[in-house]
Amino acid sequence: MGFIDLNNVSFKYKDNQFIIKDVSLKLLKEDFTGVIGPNGGGKTTLGKLMAGILKASKGDVFIDGLNSQDLKLGAIGKRVGYLFQNPERQIFAPTVEEDLTFSLRIKGIEKQQILIKAQEMMELFQLKHLANQFPFTLSQGEKQRLALAGTLINDPSFLILDEPTTGLDIERKKQLTNILKKLQKKGVGMVFISHDDDFINNLSTRIIQLIGGEIVADKRK
Amino acid sequence: MLIRENKIDPRTKLTAVILISSLAVLIKDIALLLGIFSITFIIALGFGNNPLALFKKLKKLALLFMAIIIIQSSFSSGIPLLRIGSITLLTIDGFTKGILLAIRMCIIIISATIISTSSPREIVQGLIQWKIPYEIAFMVSIGIRFLPLFVDEIKDTVNAIQLRGIELDKIPIGKRMKIYSYVLMPVVATTLMKSKRLSIAMESKGFGIYPRRSSFKRLKLSKVDYLLMAAFLVGAFTIVTVYLG
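Chains as they are written, first to last, in the working numbering: chain Y, -13 to 207; chain U, 63 to 307.
It should be emphasised that the hints constitute simulated quantities derived from the structure, not laboratory data. Even glycine gets a Cβ: it sits at the ideal position worked out from N, Cα and C. Be aware that a few hints might be false.
Stretches of chain Y that chain U covers, calculated by requiring three or more beta carbons in the stretch to come under 8 Å of a beta carbon on chain U [to be verified]:
| # | region |
| --- | --- |
| 1 | 60 to 69 |
| 2 | 76 to 85 |
| 3 | 88 to 96 |
Below are the EDC-like pairs computed for lysine to aspartate or glutamate, each with C-alpha atoms no more than 16 Å apart in a straight line [as the list claims (entries may be wrong)]:
| # | chain 1 | residue 1 | chain 2 | residue 2 |
| --- | --- | --- | --- | --- |
| 4 | U | K240 | Y | E84 |
| 5 | Y | K171 | Y | D17 |
| 6 | Y | K15 | Y | D141 |
| 7 | Y | K58 | U | D218 |
| 8 | Y | K58 | U | E229 |
| 9 | U | K256 | Y | E74 |
| 10 | Y | K34 | U | D218 |
| 11 | Y | K93 | U | D231 |
| 12 | Y | K7 | Y | E200 |
In isolation and in its complexed conformation, chain U is listed as follows (with noise of 0.2 Å):
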């Protein structure tokens, strides 16, 4: 049975992750980096996704973007952008740094979404058609289903301190960490126990009993996925030429 075979295949959504990411790292060039980006939104764009729903989301991120571009700068030397008496706070070469690696962060954040366009399944498929062993392409799905489940586990372990009557807002810095502390073991514990658990129950259900497993579903590249694929793998070639020449 070949599943989802008129949408883009798995496999043609994880090149382009791979490609963008690897990419992002490789890259130090500011213009070149904004280049990327914006293929990226566009791409994603193509793929169903909407990056802009992301930004939002994103948002939240901006005080951490600052403080590694304050951090990067701090601990960089160059011409200086800002100075409190002899002190230097930003630099430019450290204010450079410190956009770049947001940019950076950016791109790699908005490709893992394309991949979120498919279901874990269509990925596990992908993963194994590409002769990657099932077991590692498996805890490859528990990883992407888990996440948002991790996140919610996070925000309601924040809730039910709060609802202690511990005001967060109102408490000092100092003791703010404390809490995080309480917030990060049920967190790890549950965690924990919950893998635990979903060992077990694999195990009773006998998986990796046999060294070879049959699919009942498969997925097939199209022409358009050929086409994406030579694209990509183009375009990606092209821009490190450019970078590196």
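In isolation and in its complexed conformation, chain Y is listed as follows (with noise of 0.2 Å):
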């Protein structure tokens, strides 16, 4: 059994065509697993799928062993990091200190430990001199960052990228792998949703190519 099962499943908005049909997978946290294809082929929503965002319409997909049609976001958030393919949907706080914080405050961890996960953030994603900036204002590269690290700061055995390098220059995308090599030794499992060759072939330890809602390859390096 994988961390992320999904068993024969296929999903529609409201009364349209199939986005994604009749798609079976296993995702393992030992894995790197990159999901490529061209555009408006359903990647964002098998991915939005494997987080719980979206209900499947047929099938079933199952996080960490429970069925994501009966846990509530709040529950998936907990298990699964999910990176929206736009950082400004999940940008919050009026400075980037807050907006890396504010769950961590509400979840009623101590203050302490939260300024230190905070400042771990900030220095690993370069994020510190802008720690009282406002995060709308930021350039597109920093708002993914911010994202990012706001993303990881709740400790997520699982996460799912939609499209994590985007925005982000040659020097930080290095840093990116870098970091996301560490979480997958501490054996954060992860799937990458990208349209970067580069990005997918150097961190993939298992590919699966999805057209029209329908895998067309799925291959272990």
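Put the two chains together into one complex, using the hints given.
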């Protein structure tokens, strides 16, 4: 059994055609799974189904052994970190530091521990000099780093990253690759949806190709 | 070029919406308001809308309606309907006011759906042919188009917050209010940024450069439109006369 299992999953929006067609997958924490495919092929929809954001029209999605239909998003968020294609979707607070820490404060984690974690993340993603900045005026790359830091600060067991390299320069892409490799060593499973061939080839241990909502290739390196 | 000449003109629908919502605000008689509600329901059905589907969504507002009834009741004096000790929770007067407000809101929401059966482009054209300045008509159309996007934006933000491992239903109400401030922040910020981007895009395409604007598409009122508008006006006049008389 994988950490995320998709059993004969199909998905459509209301009365439209199926975007995902009878997909079955087992996603292991040991894998670095890359999802590739042309625009409009259903990659983001598949990612959202894996994360339980969308519920399957047919079939079942199991996250950590639990059916996603029965799980609230808050419960899923404790297990799975999801990075949206548009980082602005996951920026919430008036300062960079508060954006990183607010979820921990709401969960009732100790102040000292929150501060240490926030400093760690700001260091890791080079956001320290932006700690008191209004997040919406940051550059695209900075927003992407903040969204990633905000996802990782919750210590998820599994990560689903939708186009994580968008807006990152070559140096920062390398840094992100290193961070993700470190997380993998810690046992965090990962799926990334990307058009960035170099990034996918460099990191993936498994590559899934999705065209027209169907898996046309699923290879391990 | 005439657009959708075989269907009901958006100006006819706008006339209906303006009259119905004005009546809903003006009338304070429960029986008449229920009558207006039924007529609005039939008109919405006639224009190809399904208000029953809307009721499913309005179910979510049931709690709000209940709260309105209780708040109205708490601040109204009158014959008590429900008391706990010496505290009056509901009065007949307050209950009636609350019910009136709930019906009024339902009428306005259903009447607004009548106009949604026309495309934003048609509505703008209708307003322009009513001699409303193009800038204002365009603003109205942006508002109509923007509303569903705004709702999606709020839903996505709430989803994204929960994905940070926050279980909303397990959080005490005080803290939950704080979370809702985190929903508002990105929604307002992205709305402002979107409107700024839109205004730049519009200006770069020359919006508002010329004092007069010609229009390739034209709307033409048919006999049915004139008949319907006359019927709406007569109907509204009759209701007001009955109410005042």
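query = Are the Cα positions of K58/Y and D218/U separated by 16 Å at most?
reply = Judged against 16 Å, a Cα distance of about 14 Å means the pair holds.
inquiry  = When I compare C-beta atoms, does the region 76 to 85 of chain Y have three or more residues closer than 8 Å to chain U?
reply    = holds (count 5)
Distance restraint between K240/U and E84/Y, which requires alpha-carbon spacing of 16 Å or less = holds, 13 Å
key: Pair hint K171/Y and D17/Y, alpha-carbon separation not exceeding 16 Å   = holds, 11 Å
Pair hint K34/Y and D218/U, alpha-carbon separation not exceeding 16 Å = holds, 12 Å
query = Can the restraint linking K7/Y and E200/Y be considered satisfied, given a maximum Cα separation of 16 Å?
reply = holds, 6 Å
ask   = Has the given pair, K58/Y with E229/U, been kept, meaning a C-alpha gap of at most 16 Å?
value = With Cα atoms ~7 Å apart, K58/Y and E229/U stay inside 16 Å; holds.
task = Would you check the hint for K93/Y and D231/U, treating anything up to 16 Å between C-alpha atoms as holding?
result = holds, 13 Å
ask   = Okay, the region 88 to 96 of chain Y and chain U, do three or more residues pass the C-beta test at under 8 Å?
value = holds (count 4)
message = Hinted pair, alpha-carbon criterion (16 Å max): K15/Y, D141/Y. Please report holds or violated.
response = Holds, at roughly 14 Å.
Cβ contact check, 8 Å cutoff: the region 60 to 69 of chain Y against chain U, three residues minimum = holds (count 8)
task = Please work out if K256/U and E74/Y have their alpha carbons no farther apart than 16 Å.
result = Since the Cα atoms of K256/U and E74/Y sit roughly 12 Å apart, the hinted pair holds (cutoff 16 Å).
Comparing the model with each earlier hint shows no violations; every hint is respected.
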